[in-house]
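We have chain A; now place chains S, R and E with the ligands onto it with these hints.
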Amino acid sequence: MADAMQERRTDYGPPHYEKFLPPIIKENYGKWKYHEILKPGVMVHVSESGAQLFTIRASSGRLISVNKIRKYAELADKYCDGFLRFTSRHNVEFLLSKKGNIDPLIKDLEALGHPVGGIGNAISAIVHTQGWVHCHSAATDASGVVKCVMDDLIEYFTERKLPGKLRIALACCLNMCGAVHCSDIAILGIHRRPPRVDHSRVHKMCEIPNVSASCPTAAIRPATVNGNPSVEVIEERCMFCANCYTVCPAMPLNDPLNDGVSIWVGGKVSNARHEPMFSKLAIPFIPNNPPRWPEVVSAIRNLVELWANNAKKYERMGEWIERIGWPKFFKMSGIEFQKEHIDDFKHAGLTFKRSTHITF
Amino acid sequence: MADAMQERRTDYGPPHYEKFLPPIIKENYGKWKYHEILKPGVMVHVSESGAQLFTIRASSGRLISVNKIRKYAELADKYCDGFLRFTSRHNVEFLLSKKGNIDPLIKDLEALGHPVGGIGNAISAIVHTQGWVHCHSAATDASGVVKCVMDDLIEYFTERKLPGKLRIALACCLNMCGAVHCSDIAILGIHRRPPRVDHSRVHKMCEIPNVSASCPTAAIRPATVNGNPSVEVIEERCMFCANCYTVCPAMPLNDPLNDGVSIWVGGKVSNARHEPMFSKLAIPFIPNNPPRWPEVVSAIRNLVELWANNAKKYERMGEWIERIGWPKFFKMSGIEFQKEHIDDFKHAGLTFKRSTHITF
Amino acid sequence: MADKIPKTPLLDELEKGKWPSFVREIKDAAKTSPMSADLLGQLERSYREKIGHWKHGGIVGVMGYGGGVIGRYSDLPEDFPNVSSFHTMRINQPAGWFYTSEALRQICDIWEARGSGLTNLHGSTGDLVLLGTTTEQLEPIFSELSAIDFDIGGSGSDVRTPSCCCGMARCEWACYDTMAVTYDLTMTYQDEIHRPAFPYKFKFKMSGCPNDCVASIARADMSIIGTWRDKIQVDKAAVKEYADKGMDIKKDVVDNCPGKCMDWDGKELSIANEFCRHCMHCINAMPKALRPGKDRGATILIGSKAPIVEGALLSSVLIPFIKMEPPYQEIKDLVEKMWDFWCDEGKNRERIGEFIQRIGLGNFLEEIGVEPVPEMIAHPRENPYVFYEEYYEEGDEEEEEESN
Amino acid sequence: MADKIPKTPLLDELEKGKWPSFVREIKDAAKTSPMSADLLGQLERSYREKIGHWKHGGIVGVMGYGGGVIGRYSDLPEDFPNVSSFHTMRINQPAGWFYTSEALRQICDIWEARGSGLTNLHGSTGDLVLLGTTTEQLEPIFSELSAIDFDIGGSGSDVRTPSCCCGMARCEWACYDTMAVTYDLTMTYQDEIHRPAFPYKFKFKMSGCPNDCVASIARADMSIIGTWRDKIQVDKAAVKEYADKGMDIKKDVVDNCPGKCMDWDGKELSIANEFCRHCMHCINAMPKALRPGKDRGATILIGSKAPIVEGALLSSVLIPFIKMEPPYQEIKDLVEKMWDFWCDEGKNRERIGEFIQRIGLGNFLEEIGVEPVPEMIAHPRENPYVFYEEYYEEGDEEEEEESN
Ligand code: SRM
Ligand code: SRM
Ligand code: SRM
Ligand code: SRM
Ligand code: SF4
Ligand code: SF4
Ligand code: SF4
Ligand code: SF4
Ligand code: SF4
Ligand code: SF4
Ligand code: SF4
Ligand code: SF4
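Chains as they are written, first to last, in this note's numbering: chain A, 3 to 362; chain S, 3 to 362; chain R, 71 to 474; chain E, 71 to 474.
Do not take every clue at face value.
Unchecked claim - Derived Cβ-Cβ restraints for the label pairs, each shown as a range:
1. Lys86(R) / Ser202(S): 40 to 50 Å
2. Ala308(R) / Asp335(E): 28 to 38 Å
3. Lys314(S) / Lys348(A): 50 to 60 Å
4. Ala342(E) / Arg239(S): 42 to 52 Å
Stated by the list, open to error - To give an idea of the interface, some chain E residues facing chain S are shown, with a C-beta separation under 7 Å as derived from the structure:
5. Lys330
6. Asp333
7. Ser386
As the list claims (entries may be wrong) - One-sided excerpt, in silico: chain E residues whose CB lies under 8 Å from chain S:
8. Pro444
9. Tyr455
10. Val456
Just so you know, these hints were derived from the structure itself, not from any lab. Note that the Cβ used here is the ideal one computed from N, Cα and C, for glycine as well.
The shape of chain A in the complex, shown without the other chains (with noise of 0.2 Å):
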């Protein structure tokens, strides 16, 4: 280590991408004229060269071990001299130019139990978050609900038969790190207690303006409690968005009894045909069950297959519900209509119904 020390570099940034582009890329980089999907999970894309460029996509699971990663890089070593890359979802790609090689690649990577898919029409991999695994501020566990819910929907992972892409992602707490609030389906670990505010270590962890700063509902005023400065939480004034805890690791908002998940509907992304959509709540608390989650796997199962029987080729989860509009959402779901549903942030009114637009 003292060797390592001598030559200590900082700032020198990651490793230029071109070191770990196959030959076909950089011949053909930028020169992409089409691409095609052959089958789920694989498609090639062909150069204005005539160049083809196989891609096998498998699902990875994202939380892995160093020995998992070793035999991808045995498989990438067997089949595509050892070019290989991930997705913004978190899949493993594997980068061939040999056609031959697209099959037994699929059989191998099978056998290590990473079904090839997510490629077109199809549900790819959860975008999730650290949950029970690492964060502190978890409302429910990330990978276990991630696997749960994939093992129930995988055959719309390896097969292509939905109207269009359906995106689902988890955050375990309302930071969102998953950036959920743009999902077709999002799944949202949410508390549901104001936080506990332990006084004899607040004074000491924390610094009392900022925590009362940091409630955007004014529910938090300074106070005294036996002796000590401390906070007191006004909890009707409280929505549970954990910004205190944030900032004051003294005020814990985790709780086994309050603690859930809730599911959100119509979010995207792209920019094709609608502009970017958030989310919409549809299911406000689903309580934590693991290790299986049942509620909440079922829960979404309904979902995409109501959306999926229902929707327009190319139609994504929110421009389906916006054609047929809320109200046939929550009847065709099954889905109570509840208070919570309704808007009473900063930009309520504008989600008011504003005019006669009315199915019944």
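Coordinates of chains S, R and E with the ligands only, in the frame set by chain A:
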């Protein structure tokens, strides 16, 4: 008058409308089957019974003298047994059962200086307000501007050569008594100079706490000016809403140098096709130029013709602009886009372009 | 008296042109009314100076009424003594603005004798506006009006004079009797119209169908708009006739349908009524062929207003569909519940629409006892900031989940 | 060591099913890593108790770096001593997430020796996340990583590790070189990435076209999205081929065009490009027949973020179109102007998008010297509350009109 006092009644309400309905309406009330526009300003409603009611609509002007009303009464007696009505846009309508009376009535109306029209795909009368004729708050005159604009647009009232209806409204201050906020074209009187506080009168006429409270931007704070309790205005915070003036006469905003009108476009009220829409700012400011406001007149003609030449059948101004996009609207209209067009009020963020849906 | 008419070079420019000239009207009135003559003079001054010359209104009115008169005073009383006070009276128009020549003449006679002889037919709320008189004349005018059964309308923080489209009287699309409802509400709420007792004004506007010909969705605290909930009535032969006459039904009608629920195969027009948004377009386009369904009623919307001071609002859905049958008790009960709550909790000069935004629609519904339904919203919330009112404590029973 | 692996009846349920199991991964790592074994134990406890067992992160890091490491401590250190501290390191991934087997193996060797052996490929910002190690190991890990040329990414109030779609490397629609820009910005802003000095985090995400395959418009303070401004390239023969193969071009393509600017007469596809919104749909639907135009560049959008605490934001247009040529100086100048202003005026923990909302887009543009254009807005203001900064005084000359 003495005897009038004896029989003094209150809260008896307006006369019952039935007293004023012609027999043909009483007989066919709720039984109308369809209507047809026969020619500009003339339509017939046909009843289940086959009965035909002919309506002749003429511009009235709204600010009218008793003599003019008596003239209307004469015409009503002459052509339709004394029955007439006024519309929600302040035109006058004669209700004929005899088809033969249509043309003579039109001749008489035109002789009287009241053109017939405004039905169907036309520009109807401009809904407007008091202006300098009767209101203390006016930033422009109402009747005068309306007269000039309609003199210029008269062809669109007396003919039917537009893609759809076009509704123009005018309000002489931000109180918007004309409810101009949902018009295809709105003319809005605006102040642009902060209130000038008459410190000698504030403490006599106004409740200082109410005055400061009335300001949405918190631009007003209590102050003592040469001994008297009064208020001071932080001018950079003022956006000239005149709410303070409404509650305190001692701080007028009226100012010949800075008052004028702004032009708004693309609003609608009906639910036909597109949901109702607010009007949006097109021209931030045009100085008052009485008696004929030529700049306002030509700006509006420009807008009307631009829409008339480019909109599809049925497309209201706002529907057309939504289809082509605002950048194209500014380009085609030649109106310069300025900082003033960018919203900076409560929901401003939602008016930003949150996609790559851009035309070039 | 004609000699008293002032020189008005600027205003004279407004006698030109084809549109009716208000200047000619004022001059006409000025022939017999010194008030109108001074109005003309003051207005010419405003045109020259580019500024109004009216002072803030004071409180004036008639005995027993708290509203209906707008006090107005000139700020140039020396120059224009006859308009030193120049108040307007808001007279409650007959529903639908129907008149007989006789009724109008009676009003003219009263107003010529005791006022400026100038009017607005009508004010933009809907009243018959008598434009300009003195304080002493208010009481006599009122008693003479009452002799011909015309009463005063609203102003100030009260119920404003309700108004409506002509509805069933002259329109085939009226889904309920707008004039009957307007008359009924006006009579039921006489006290609320005449005696301001609210945080701010409250306006009713009644339209017979979603075309909304009184712009109720834009400018009424309560907008009652007719609609239907069964199938659109289709006369196939008449549809064909439109097609034969050269109407491009696909382009003009089907492609403009916001519900995307119509289809035209060149012969048959089919409508998936369960996705119809009741926008009226197809009916507007083919009045002889299509008509609203037979199961008719109204949608009740709440809260529209002009921008002062939190920004303009459109009314939003409160009751998606309600049958409109006299005595409209269900609506009145609802209105009164809302008023009670608004009067208790509303701030001064806070319209009910602003009030709902401040306290939250969900809470508002709870207070007035209306169940939330998805028809009330354009879409569910996008933000995760839900206020849950209760939570489990350790040792709670499952049953004790939060009440809402 | 295998005996050290705790019993995990609940987690074992997550080894079932077809989707890759993270539990199997942790168990696999646990064979050689006591850390991972304790992680497994603590996680089983969380599953039993339905609550996480991590404490708030403390400040830990490597010499000379202010970010890139997330401190994490167990709240059950007695029961699970090996995760009493369990920090993650964010390693700056190569642009586009391309690797060679060799590079991956080198990372694995380092991490197996000095960390939990668990990773996230990748974190949702894009980093290669090394999941769990102790404070002492941070420095050695860093020096070994630097020996293989991998550097640390961002965390805290700094520039976060930029990421991008694969762009020109593997996509025919890339309108600019996303990976080149990502690498360039990453290298240019090494100091800003490694030393938090902003009011809050700042994220760059680069997508090659409006499909936005890195979701940049939803989760980047600056979103750079490729587009074109000339005609869509059409291969008529190929269009016909799609039609012949049975594609319903009217229904699938034309009717889905948001610009309503396409027409299909059964033979010819025509596009009114001046109304094209560059949404990509038609190109997505017919990749062999249609391609983005030749005059390519990018749209720069600003300000998206997650909801905490003013509500989620989408990025909005700042520069409608810009050519993307190295060294991208124009963009860097713009970025630095924005940073300066944001650093001077932004509040603590206020993202730049929230900052713009607070001070007003118009004012923001003035400060950074960008001309307002209508492409920046969905529509002009609906409220009449315009702040005019100057007004005429009596006696002013016409010239002295307000500056803006
Ligand atoms: C590999 C990847 C980019 C990368 O550098 O990692 C990628 C690659 C492609 N995307 Fe993507 N997209 C990728 C994430 C995304 C995302 C981001 C996300 O999901 O978080 C989006 C936005 C999703 C959204 O709107 O919410 C995205 C929206 C699209 C779309 C628009 C689909 C739509 O109709 O809205 C297309 C066009 C299409 O599929 O027809 C597209 C098309 C494509 C094409 C066909 C582009 C091409 O010609 O190569 C690529 C393969 C098709 C496929 O995956 O179905 N890609 N694509 C990402 C794969 C993620 C995965 O493992 O599944
Ligand atoms: C007489 C009046 C109602 C009243 O009781 O006074 C009325 C009467 C009719 N309206 Fe209206 N509308 C009347 C004000 C309105 C208003 C309110 C306003 O202008 O302030 C609107 C909403 C305007 C808006 O959306 O901003 C209105 C939006 C419509 C529409 C929808 C037009 C559209 O495409 O958006 C129709 C349908 C149509 O014209 O095809 C309609 C249709 C009609 C029909 C055809 C209904 C019928 O079958 O009798 C009537 C005559 C047609 C015409 O005027 O073109 N009426 N109509 C009002 C005449 C005002 C005037 O003097 O011009
Ligand atoms: C006469 C009339 C304009 C006209 O020429 O037609 C009018 C005239 C005045 N309105 Fe209005 N409003 C008139 C219809 C409206 C409407 C339209 C409507 O009712 O459909 C609106 C917009 C809709 C709404 O209610 O929001 C309207 C919104 C206002 C406001 C803003 C209220 C708000 O909440 O935003 C004010 C300010 C106030 O209330 O203090 C206002 C205040 C006024 C005052 C009383 C001025 C004041 O601040 O004291 C005006 C007296 C002028 C005068 O001297 O005669 N007037 N006012 C209309 C009443 C005539 C009638 O009764 O028929
Ligand atoms: C590791 C990661 C989740 C993951 O499993 O992938 C993550 C993990 C954390 N995020 Fe995040 N964020 C991660 C991507 C995101 C994203 C997505 C993105 O960057 O594309 C977002 C939403 C987009 C955005 O930036 O708004 C995100 C929005 C937040 C926020 C809310 C920020 C906001 O302005 O709304 C917080 C709260 C904060 O900053 O205090 C946060 C805070 C955190 C903290 C540091 C918890 C905290 O409050 O201190 C988490 C540490 C967990 C742990 O112990 O490892 N994280 N965080 C992601 C970073 C990995 C990487 O570098 O690749
Ligand atoms: S979403 Fe919340 S709980 Fe999950 S990783 Fe991010 S900060 Fe932690
Ligand atoms: S959780 Fe959010 S709302 Fe509740 S007290 Fe903390 S900061 Fe305030
Ligand atoms: S709009 Fe303003 S100025 Fe005009 S009448 Fe109404 S309150 Fe008076
Ligand atoms: S005009 Fe409006 S913004 Fe200006 S000081 Fe008065 S109340 Fe405030
Ligand atoms: S609102 Fe409807 S019912 Fe009333 S007049 Fe207009 S079209 Fe007829
Ligand atoms: S009324 Fe409107 S929504 Fe309903 S079918 Fe006709 S056009 Fe479509
Ligand atoms: S964003 Fe566009 S260029 Fe980048 S991968 Fe997706 S489709 Fe291709
Ligand atoms: S890119 Fe989108 S907007 Fe442009 S023509 Fe194609 S479908 Fe229409």
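Outcome of the hint check:
{"no.": "1", "hint": "Lys86(R) / Ser202(S): 40 to 50 Å", "in the structure": "44 Å, holds"}
{"no.": "2", "hint": "Ala308(R) / Asp335(E): 28 to 38 Å", "in the structure": "30 Å, holds"}
{"no.": "3", "hint": "Lys314(S) / Lys348(A): 50 to 60 Å", "in the structure": "36 Å, violated"}
{"no.": "4", "hint": "Ala342(E) / Arg239(S): 42 to 52 Å", "in the structure": "46 Å, holds"}
{"no.": "5", "hint": "Lys330", "in the structure": "6 Å, holds"}
{"no.": "6", "hint": "Asp333", "in the structure": "13 Å, violated"}
{"no.": "7", "hint": "Ser386", "in the structure": "3 Å, holds"}
{"no.": "8", "hint": "Pro444", "in the structure": "4 Å, holds"}
{"no.": "9", "hint": "Tyr455", "in the structure": "4 Å, holds"}
{"no.": "10", "hint": "Val456", "in the structure": "5 Å, holds"}
Consistency note: the structure conflicts with the earlier hints numbered 3, 6.
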